[in-house]
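A.B. asks: Build the full structure now, drawing on both the sequences and the hints.
Taken in order, these protein sequences are the chains called A and B.
Residues 1 to 366 (this note's numbering) are what the first sequence spells out, left to right.
Residues 1 to 255 (this note's numbering) are what the second sequence spells out, left to right.
Calculated from the structure, these hints are not laboratory results.
This one's a predicted model, so the numbers in the text were calculated from it and none came from an experiment.
We put the CB at the ideal spot given by N, CA and C, even for glycine.
Honestly, I wouldn't trust all of these hints.
[Unchecked claim] Using 25 angstroms as the maximum straight-line C-alpha spacing, the simulated DSS-like pairs for lysine-lysine come out as follows:
#1 B:Lys120 - A:Lys122
#2 B:Lys145 - A:Lys192
#3 A:Lys286 - B:Lys145
#4 B:Lys83 - A:Lys122
#5 B:Lys83 - B:Lys121
#6 B:Lys120 - B:Lys83
#7 A:Lys359 - A:Lys122
#8 B:Lys145 - A:Lys359
#9 A:Lys122 - A:Lys286
#10 A:Lys122 - B:Lys121
[Unchecked claim] Some chain B residues flagged as far from chain A (calculated, every beta-carbon gap over 12 angstroms):
#11 Asp26
#12 Arg31
#13 Glu64
#14 Gln68
#15 Arg89
#16 Glu127
#17 Gln138
#18 Ala143
#19 Met184
#20 Met200
#21 Pro240
Residues per chain, in single letters:
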Amino acid sequence: MTIRHEMIPERPAPIRTVGPIAWLRANLFSGPVNTLFTLVGLYLLYVLLAPTIQWAFINADWVGTSRDDCSREGACWVFVNARLGQFIYGLYPGSEIWRVNTVFASFAALIAWLAIPRLPAKRWVAIATLLAFPVFAYVMLYGGYFGLRVVETHRWGGLMLTLILAVVGMVAALPIGILLALGRRSQMPIVKSFCVVFIEFWRGVPLITILFMASVMLPLFMPTGVSVDRLLRALIGITLFQSAYMAEVIRGGLQAIPRGQEEAAAALGMNYWMRMGLIVLPQALKMMIPGIVNTFISLFKDTTLVMIIGLFDLLGIVQAALSDSRWLGFALEGYVFAAFMFWVFCFSMSRYSQYLERKLHTGHKR
Amino acid sequence: MSEQATQTGAATPMVEMRGVNKWYGDFHVLRDIDLTVSRGERIVICGPSGSGKSTLIRCINHLEEHQQGEIVVGGVPLTQDVKRIEQIRRSVGMVFQHFNLFPHLTVLENCCLSPMWVQKKPRREAEAQAMQYLERVQIAEQARKYPGQLSGGQQQRVAIARSLCMHPEVMLFDEPTSALDPEMIKEVLDVMVELAREGMTMLCVTHEMGFAKTVADRVIFMDQGQIIEENAPEPFFNDPQSERTRLFLSQILGH
Chain A
1 MTIRHEMIPE
11 RPAPIRTVGP
21 IAWLRANLFS
31 GPVNTLFTLV
41 GLYLLYVLLA
51 PTIQWAFINA
61 DWVGTSRDDC
71 SREGACWVFV
81 NARLGQFIYG
91 LYPGSEIWRV
101 NTVFASFAAL
111 IAWLAIPRLP
121 AKRWVAIATL
131 LAFPVFAYVM
141 LYGGYFGLRV
151 VETHRWGGLM
161 LTLILAVVGM
171 VAALPIGILL
181 ALGRRSQMPI
191 VKSFCVVFIE
201 FWRGVPLITI
211 LFMASVMLPL
221 FMPTGVSVDR
231 LLRALIGITL
241 FQSAYMAEVI
251 RGGLQAIPRG
261 QEEAAAALGM
271 NYWMRMGLIV
281 LPQALKMMIP
291 GIVNTFISLF
301 KDTTLVMIIG
311 LFDLLGIVQA
321 ALSDSRWLGF
331 ALEGYVFAAF
341 MFWVFCFSMS
351 RYSQYLERKL
361 HTGHKR
Chain B
1 MSEQATQTGA
11 ATPMVEMRGV
21 NKWYGDFHVL
31 RDIDLTVSRG
41 ERIVICGPSG
51 SGKSTLIRCI
61 NHLEEHQQGE
71 IVVGGVPLTQ
81 DVKRIEQIRR
91 SVGMVFQHFN
101 LFPHLTVLEN
111 CCLSPMWVQK
121 KPRREAEAQA
131 MQYLERVQIA
141 EQARKYPGQL
151 SGGQQQRVAI
161 ARSLCMHPEV
171 MLFDEPTSAL
181 DPEMIKEVLD
191 VMVELAREGM
201 TMLCVTHEMG
211 FAKTVADRVI
221 FMDQGQIIEE
231 NAPEPFFNDP
241 QSERTRLFLS
251 QILGH
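C.D. replies: See below:
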């Protein structure tokens with residue numbers, strides 16, 4: 001028989017199991033096989049990374065104006081430097097570029113405001129971002145009001161166009177996707193079958209096909225004289241395509257919410273939109289952040305497909321610049337630059353989504 | 001009928017079910033249910049699992065739909081009309097076996113949400129009232145925590161407070177202690193007993209026979225979708241009339 005009269009106090013863990021040296025020993029050199037893997041890994045890293053760094057940084061040329069300034073054997077960033085304006089703004093007239101910059105800066109400010117938790121009045125900033133900002137951006141970029149010169153959309157291009165396609169696609173596809181997901185779970189047969197048909201149609205067709213249809217077929221059905229802007233057609237196509245994907249991601253989240261949640265909300269007298277908007281969707285969307293961001297990232301990269309209908313997004317304009325006779329032979333630099341820009345945006349989205357997940361986690365593993 | 005109910009003299013019964021039938025597909029879950037609950041009356045419903053007791057009380061606030069018969073809650077007949085269903089649900093509180101608190105909201109927000117959105121109360125008023133009810137179930141100090149940080153017993157008490165914030169005229173309890181660890185059952189039952197003493201109309205599906213003996217005006221025994229026996233607690237436990245009731249009682253009280 002055992003009787004304990006005094007409780008055992010807490011003690012710190014033995015010193016040999018904590019600290020950096022213990023970590024190295026436990027994770028990298030715990031045995032002969034592990035040590036071998038570590039050494040081989042380090043060697044491979046050296047073999048692959050060293051030449052890349054040599055090419056991209058150490059032996060690279062950075063300043064200059066023409067290809068004659070690229071005398072060393074490394075990368076010729078002079079090419080990217082000289083074409084940077086075009087890569088970012090497309091063929092937007094040089095004297096009007098301040099308008100694009102204003103839109104970029106105000107968008108960055110709004111997003112930063114929403115992303116930094118300590119700043120107040122989130123709701124109003126969100127409403128401004130969703131409702132007022134698109135109007136402001138349209139007026140600034142397209143012009144025609146307040147004495148601003150009209151800049152036709154065929155002059156838009158580069159990073160600017162990529163961002164417009166991606167942001168409009170994301171912002172418009174999310175609410176449509178939510179409605180489609182709710183509709184697909186609806187009890188009403190007509191709503192339900194409409195949503196199922198819509199989702200399955202857009203999800204079953206490649207984006208390229210949709211873009212081709214938008215640019216080639218749509219004008220055939222339009223009455224003569226009426227023409228829809230090519231960029232607008234691409235935007236509509238991307239949005240509808242994206243919302244079908246979004247709907248399925250969100251439906252997965254809706255299905256993961258236990259039925260008891262909706263029942264409890266119903267028992268408290270809430271109507272359908274309150275039950276969805278206050279109880280089910282906030283939980284479902286939170287759970288679906290990785291899936292939603294995944295869809296956003298793939299949309300961001302898919303915007304490059306607009307190249308085939310004659311719009312020059314970031315990749316398109318880089319590729320166009322490669323065929324410039326004064327700069328032949330710098331394809332590698334151009335593609336690395338384009339890849340790097342895409343990577344920066346996608347990686348930021350991914351990191352922010354991870355931060356959001358941690359922040360919204362309220363310690364409820366049901 | 002309890003004395004209190006006759007004294008308050010409410011003309012209409014709180015809940016009235018006449019000839020209610022329900023099927024899940026081909027399975028006949030509720031068979032010819034007739035039940036009248038007066039205002040202020042406390043009813044305990046027991047029976048083996050699958051006997052339809054949860055389904056019965058879930059029909060009262062239309063979480064389940066009945067296919068035949070009539071249900072009248074507080075004088076309002078329950079129909080397919082969504083507005084009317086929502087009207088009835090506002091006066092009927094419900095506590096679930098698995099609490100069903102909203103995990104993305106704090107305890108306080110759980111209690112304020114429906115008063116603010118359904119009853120359109122200003123936030124300050126809703127919060128003051130929520131704190132009052134949270135104090136009554138002795139959990140006010142946890143108001144800023146999330147449900148996931150509380151024990152089962154605490155969560156269930158929050159769920160009761162959340163229901164009370166809507167000022168229900170009748171409370172439905174669907175096995176409120178079945179998902180709790182033994183040492184937490186008492187704290188929830190204490191709250192329910194107090195609620196009963198204050199004159200709340202209650203329908204409780206539970207196997208807590210001690211609770212039934214203490215507060216119930218009537219105990220109902222159900223089996224295979226029908227009401228087998230219905231009596232005041234004392235004769236129900238001491239002198240059950242039906243063979244099934246005797247068997248059931250011997251099984252749950254026998255050890």
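A.B. asks: Does each hint hold? Answer for all of them.
C.D. replies: Verification of the hints:
no.	hint	verdict
1	B:Lys120 - A:Lys122	22 angstroms, holds
2	B:Lys145 - A:Lys192	39 angstroms, violated
3	A:Lys286 - B:Lys145	19 angstroms, holds
4	B:Lys83 - A:Lys122	33 angstroms, violated
5	B:Lys83 - B:Lys121	19 angstroms, holds
6	B:Lys120 - B:Lys83	16 angstroms, holds
7	A:Lys359 - A:Lys122	16 angstroms, holds
8	B:Lys145 - A:Lys359	15 angstroms, holds
9	A:Lys122 - A:Lys286	18 angstroms, holds
10	A:Lys122 - B:Lys121	23 angstroms, holds
11	Asp26	21 angstroms, holds
12	Arg31	24 angstroms, holds
13	Glu64	10 angstroms, violated
14	Gln68	21 angstroms, holds
15	Arg89	4 angstroms, violated
16	Glu127	16 angstroms, holds
17	Gln138	22 angstroms, holds
18	Ala143	15 angstroms, holds
19	Met184	18 angstroms, holds
20	Met200	16 angstroms, holds
21	Pro240	32 angstroms, holds
Against the hints set out earlier in the document, violations occur for numbers 2, 4, 13, 15.
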